[in-house]
Every structure is written in structure tokens, then in C-alpha cells.
Amino acid sequence: MRPGRYLPLITALLFGAIAVPAHAATIQITMQDLVVTPAEVSAKVGDTIEWINKDVFAHTATARNGDFDVNIAPKKTVTSVLKKPGTVEYYCRFHPNMKAVLTIAP
Amino acid sequence: MFVRLSAAIAALSILGSAALAQGAKPTDPQIAHIAYTAGVIDIAAAKQAIGKAGNKDVKSFAQDMVRDHEAVNKQALDLVKKLKVTPEDNDTSKTLSKQAAEKLAELAKLKGAEYDKAYVANEVAYHKAVNSALETQLIPSANNAELKSLLQTGLKIFQGHQQHAEHVAAGLK
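Respectively, the protein sequence lines represent chains A and B. Anchor point for the first sequence: position 23 equals 23 in my numbering, and the numbering is continuous, going up by one each time. Quick note: to get my numbering, add 1000 to the position in the second sequence (first position is 1).
Hints listed in this document are in silico derivations from the structure and should not be mistaken for laboratory results. Among the clues, some could well be false.
[Said to hold, decoys possible] Computed cross-link-like contacts, SDA-like style, restricted to lysine to any residue with a CA-CA straight-line distance of at most 20 Å:
{"no.": "1", "chain 1": "A", "residue 1": "K54", "chain 2": "B", "residue 2": "P1029"}
{"no.": "2", "chain 1": "A", "residue 1": "K99", "chain 2": "B", "residue 2": "K1156"}
{"no.": "3", "chain 1": "A", "residue 1": "K75", "chain 2": "B", "residue 2": "K1056"}
{"no.": "4", "chain 1": "B", "residue 1": "K1056", "chain 2": "A", "residue 2": "T62"}
{"no.": "5", "chain 1": "B", "residue 1": "K1025", "chain 2": "B", "residue 2": "S1132"}
{"no.": "6", "chain 1": "A", "residue 1": "K54", "chain 2": "A", "residue 2": "T37"}
{"no.": "7", "chain 1": "B", "residue 1": "K1074", "chain 2": "A", "residue 2": "K99"}
{"no.": "8", "chain 1": "B", "residue 1": "K1056", "chain 2": "B", "residue 2": "S1132"}
{"no.": "9", "chain 1": "B", "residue 1": "K1074", "chain 2": "A", "residue 2": "A58"}
{"no.": "10", "chain 1": "B", "residue 1": "K1082", "chain 2": "A", "residue 2": "N97"}
{"no.": "11", "chain 1": "A", "residue 1": "K84", "chain 2": "A", "residue 2": "A105"}
{"no.": "12", "chain 1": "B", "residue 1": "K1084", "chain 2": "B", "residue 2": "P1029"}
{"no.": "13", "chain 1": "B", "residue 1": "K1156", "chain 2": "A", "residue 2": "A105"}
{"no.": "14", "chain 1": "B", "residue 1": "K1156", "chain 2": "A", "residue 2": "K84"}
{"no.": "15", "chain 1": "B", "residue 1": "K1025", "chain 2": "B", "residue 2": "K1094"}
{"no.": "16", "chain 1": "A", "residue 1": "K99", "chain 2": "A", "residue 2": "T37"}
{"no.": "17", "chain 1": "B", "residue 1": "K1128", "chain 2": "A", "residue 2": "N97"}
{"no.": "18", "chain 1": "B", "residue 1": "K1148", "chain 2": "A", "residue 2": "V56"}
{"no.": "19", "chain 1": "A", "residue 1": "K75", "chain 2": "B", "residue 2": "E1070"}
{"no.": "20", "chain 1": "B", "residue 1": "K1084", "chain 2": "B", "residue 2": "A1145"}
{"no.": "21", "chain 1": "A", "residue 1": "K99", "chain 2": "B", "residue 2": "Q1159"}
{"no.": "22", "chain 1": "B", "residue 1": "K1156", "chain 2": "B", "residue 2": "A1071"}
{"no.": "23", "chain 1": "B", "residue 1": "K1059", "chain 2": "A", "residue 2": "K84"}
{"no.": "24", "chain 1": "A", "residue 1": "K54", "chain 2": "B", "residue 2": "K1059"}
[Stated by the list, open to error] With the C-beta cut set under 10 Å, the calculated list includes, among others, these residues of chain B facing chain A:
{"no.": "25", "residue": "D1068"}
{"no.": "26", "residue": "S1132"}
{"no.": "27", "residue": "E1135"}
{"no.": "28", "residue": "I1139"}
{"no.": "29", "residue": "N1143"}
{"no.": "30", "residue": "K1148"}
{"no.": "31", "residue": "Q1152"}
{"no.": "32", "residue": "H1161"}
Quick reminder that beta carbons are idealized off the backbone N, C-alpha and C, glycines included.
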């Protein structure tokens, strides 16, 4: 129970944290009542998007240019990492009236 | 094609005219029944399509319809239970069911690509008609705030289905 026992663990955690690129962020995008919020998001390559589906309906986040196609089951959260830069319009394949934009900086 | 479409539209225009004929707005128990019936009709059409459709986009569209409409109807049932409202059968629901049964029988006679096109065309027309009924009749008539909100979510879902169906229809040409 002496603090010293935890040093190796703490050291490992610290180095682990440093190994992850410091600028990578996690951004939440919520789908509720067939609305994507926020409708416009700015992010960077390497950022993680947490797609939160609060509806009882399955949704997708499908890029019009084909860069990504994420399936989000009802009441589930799915994460995906942004790989390519660009301004990407995306929609839900099941409900194409759900539309939003992701601006991904390099 | 136009004959089939007009039959579908005629079935739905009843939504407006039946209520008008009664000279009164539909009540919440009637609205709940109509909305639920409209869902049941689309599920039946989709189940037929899952068995009959040849095109994979048409088949997966039909699977989406079953999944979404069952989810909406489950929400509707949960809500009426919570509100202690008993959905009330009415002339609009009866006419809708009757016309839908005729449509199902008509579609049952078609095969292959002809069936696929007719099913999807009917889905476009049907969702369009349901959306119009929701917007002009059912949502404005609903008294209970939670019922109104569920109908508004339903409208967004069905508008999505209409666009999805239009997209599938465009792919069949």
C-alpha cells in the first residue's frame, strides 16, 4: 500500500498518454428525433467522432463522397476515427432527410 | 403505373375527406388508431416485398420499413398505454385497411422487376399521402402534447422514407 508500489503503473500510464497524439480530440455528434446535432462540425484528421443515436430507429452516417459509412443501432454509441481531410456532407441512408456536414482539417 | 399510383393516393386522400365528412376533427383515440393502422399497412406491404422483391435495394428498403414502422408503432402503443387511451376504430382506419388489402392483392399478382417498380412507386405515393395527412389533419387535430410530438417524429421518419423510396425508385429506372 506504499505509494512507491504504484510508481511503475503511474509511469506506464503517463507514457501511454504521451504516446497518443496530444491534439486528437473526441467529438460527440448526436442523432435525436431524426435531427443531427451539431449539424456542422469542424475536426481534424485523427479525431474520434462519437456517434450517439438516441432514437429507437437505426441510423447511418454516410459520406456522400464515400469516405465513411457508419451504422449506428438504436440507442447505441459508435466511435470512428477521421482518416481523410475534406469537407464531407453526410446523411442517413435510411432517412436521407437527416443531413449534416463535417469539415476535417489535415 | 399511373392507375396504380392513383389508387394508392385515393386510399390516402380518404384520411382528409372521411374526417371532413364527419364534420369534426378526429379525436386523439381516433388519431392514434389511424396512425397505428397506417404503420401496420406499410409493414404488411414490406413483408410481402421481402418475400417477392428481386432487386436487393428494394428488399433492403422493405426490411428498413418493417424495422422503422414496428419501432414507431411500439412507441405509439407505449404512449397510449401510458396515457390510458384506447385507440378507437373509425371510418378512416377502416377505409385505409380495405384499400390497402386491395393494393396488396393487386401487387401479389405482379412478378420480378414489374413488382419491384410497382411496390416502390406505391411506397413513394403512400408515404407522400401519409405525410400530407399527418401535416394537414392529424398533427393539427391532436390534443395531447405527447401524441402530437410522436406524430411529429413520425412525420420526420416518413419524410425520410419517402426520400429513401424515391432514391430506390430512381435506381430502378
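Which numbered hints turn out to be false for this structure? 1, 3, 7, 8, 10, 13, 14, 23, 24, 26, 27, 28, 29, 30
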